[in-house]
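Number of protein chains: 2
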Amino acid sequence: MKTDPHPWAQKLDELRDEVWLRLKRGVLDRRAPARNVTLATVDRHNRPQVRTAVLRSADKETSVLDIHTDLYSSKVQELRQNPFAALHVWDSSAHLQVRLDGRVAVLTGSDVADIWARVPQTSRHSYGSTPAPGQPIAEGLGYTKIPDPASFAVLRITVSSIDALHLGPKHRRAQFTAQDGWQGQWLAP
Amino acid sequence: MKTDPHPWAQKLDELRDEVWLRLKRGVLDRRAPARNVTLATVDRHNRPQVRTAVLRSADKETSVLDIHTDLYSSKVQELRQNPFAALHVWDSSAHLQVRLDGRVAVLTGSDVADIWARVPQTSRHSYGSTPAPGQPIAEGLGYTKIPDPASFAVLRITVSSIDALHLGPKHRRAQFTAQDGWQGQWLAP
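Just so you know, the protein sequences line up as chains A and B, in that order. Per my numbering, the first sequence starts with residue 143, numbered consecutively. Per my numbering, the second sequence starts with residue 143, numbered consecutively.
If several chains are the same, the list does not tell them apart, and a pair holds so long as it fits within one copy or across any two.
As a list, the in silico EDC-like pairs of lysine to aspartate or glutamate whose alpha-carbon atoms are at most 20 Å apart:
no.	residue 1	residue 2
1	K312	E281
2	K153	D322
3	K153	E281
4	K202	D233
5	K202	E160
6	K166	E203
7	K166	E156
8	K312	D233
9	K153	D233
Rather than coming from a laboratory, the hints here were simulated on the basis of the structure.
Sequences are here, hints too, so could you generate the full structure?
Structure (structure tokens):
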């Protein structure tokens, strides 16, 4: 009988640890699958919106994730109106889909000055766009990006639930919620 | 000066054609980046939900995409209450993020009998779960999957807008909408 290459998928606590390990790896390693997460929000017409974002911080103890964004992007407007977000990671090497739900605080200005100070010079041009991201322009390159700390925002996501689906020899799926102390519950996949 | 490896990103009509080409490639080639899309919906609490789905059909002429699902999965419940979906593809080989918005019809029974007839035998166990997907179970493998055409549903997505972001030497972003006849509009990225 073939040995399961991912024995951590068989126990709730180990599965939960593996999720956070892989999120953390995404923060630390730009080639890790969890580096780029897909962030879903709900817009003012109650329609879903979804885009790639870079995972900048993941802390298991507090269940908090950070994403950096241009303050004038549409996702910030959406989150100010509806603060709930869903994040998705497909980790192909682990055959693991991670879905996270959480509530998002938009942090700006002096609250994020120390984080801005650590953003590499080469990355700062992502924050400060004329016109703002998503605005119509006459030509494909009809915009400028000049680093501007006043355009820098941190989306701080307090995770309330995690859904982990492992596609192994047999599929396993579990849900973990803050409300039940993260102990976990198996679900039919 | 370096030649842009993706000259199609410089013209609206070519960019739109490339998006559909890559969606079609996802349908035909299980290793293509657009094989797995991320599907976002809105649940009954007006919170976003997001998961991987397999792209089964993509037709540029009608702007219609198909996804297959278990009829008793939560995404079907969500779409029956709020029929709007967003899809996301990150095509790393093209440095292209594609976001699509659309309205979803849930097709079942005799409407999808001919599609069910073409689902390979080995894939049919994805449709027919006891208990239903997402229901709590006592153990990780405490479920059965038995192919059941009555559990098979097709999510037929009529795309209303496409947002394409190309991360080239210079980033370019465009929006295409059914309403403006898909002619396209450059946006600040």
